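Undergrad: Sequence:
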Amino acid sequence: TGERKMRFQEHLRQLASRKKQQSPYEVLREKILEYLHRQFSELTPPTSQPLHEVFYFNQASSLKKHLSPSPRATIQSALTRTSYYLKSSSSAEAHTSLDSNMPDMCLAYQLHLECGRLINLFDWMQSFIAVLDPKGTPGGQPMPDGSRKELGEKEVNPIMQARFTQAVSDLQHLGFIKPTQRKTDHAERLTWGTC
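Here the sequence shown stands for residues 5 to 199, where the numbers follow the numbering used here.
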C-alpha cells in the first residue's frame with residue numbers, strides 16, 4: 005500500500021507539471037486581462053495633472069454641508085434673529101429683548117425658550133399678550149355693531165388669543181412643542197438649546 009501511494013503521488017505531480025491546454029474563451033480572457041493591465045498600470049492620479057482643480061472636486065465635506073442642510077438650526081436662527089431675515093431696523097435687537105414688533109411666532113418662540121420642559125399654555129399666553137399689549141386693550145373688545153364690550157379681569161381678548169393659538173400651532177407644526185397627555189393645559193418642549 006505504501007508503494008501504491010508513492011506511485012499515485014508521482015502521477016499527481018506529473019499531471020500538475022503539465023501545462024493544461026486552454027479553451028478559446030480562456031485565451032481571449034487572458035489577452036483582455038493583459039491589455040487592461042498594461043493600459044491601467046500606466047495611469048497617473050488625476051490630482052497630479054496640471055489644472056486638475058478645474059475638472060475634479062475633492063472637498064466632500066463642503067459639498068455635504070450644502071447638500072445636507074440642517075433645517076433646525078436655520079429655523080431657530082430665523083426665530084431668534086428676526087432682524088437679520090426681515091432687514092428691519094426696528095427689530096435690530098430683537099434677539100436680545102422681546103419686542104411687540106416681532107412676528108407672533110418669533111415672540112412665542114422666544115417666550116418658549118424661557119420655559120422648562122412643560123409649558124403652561126395660559127401663563128405662556130399671558131406673557132405673549134403682556135409683550136404685545138403691555139397696557140391692556142383700551143376700551144375693551146370691539147363688537148360687530150360698533151360698540152365695545154368691556155373685558156373682565158380674567159377674560160382674554162379673542163384676537164390676541166387667536167394670534168397666540170396660531171403661533172403655538174406653527175411651533176407645534178415645526179416640532180418645537182407637542183401636546184402632553186399628563187396635563188391638558190400644558191405643552192411639552194421638544195428642543196433644547198439655541199443655535
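One or more of the hints may lead you astray.
[Claimed, not checked] Okay, derived cross-link-like pairs now, DSS-like style, lysine-lysine, Cα gap no bigger than 30 Å in a straight line: (1) Lys69 with Lys35; (2) Lys24 with Lys9; (3) Lys91 with Lys139.
Rather than coming from a laboratory, the hints here were simulated on the basis of the structure.
For clarity, every value in this text was computed on a predicted model and none was experimentally measured.
Undergrad: Now tell me, hint by hint, if it's right for this structure.
TA: To see whether the hints hold, each was checked on the structure:
1. Lys69 with Lys35: Distance of about 46 Å is beyond 30 Å: violated.
2. Lys24 with Lys9: holds, 24 Å
3. Lys91 with Lys139: It holds: about 28 Å lies between the C-alpha atoms, which stays within 30 Å.
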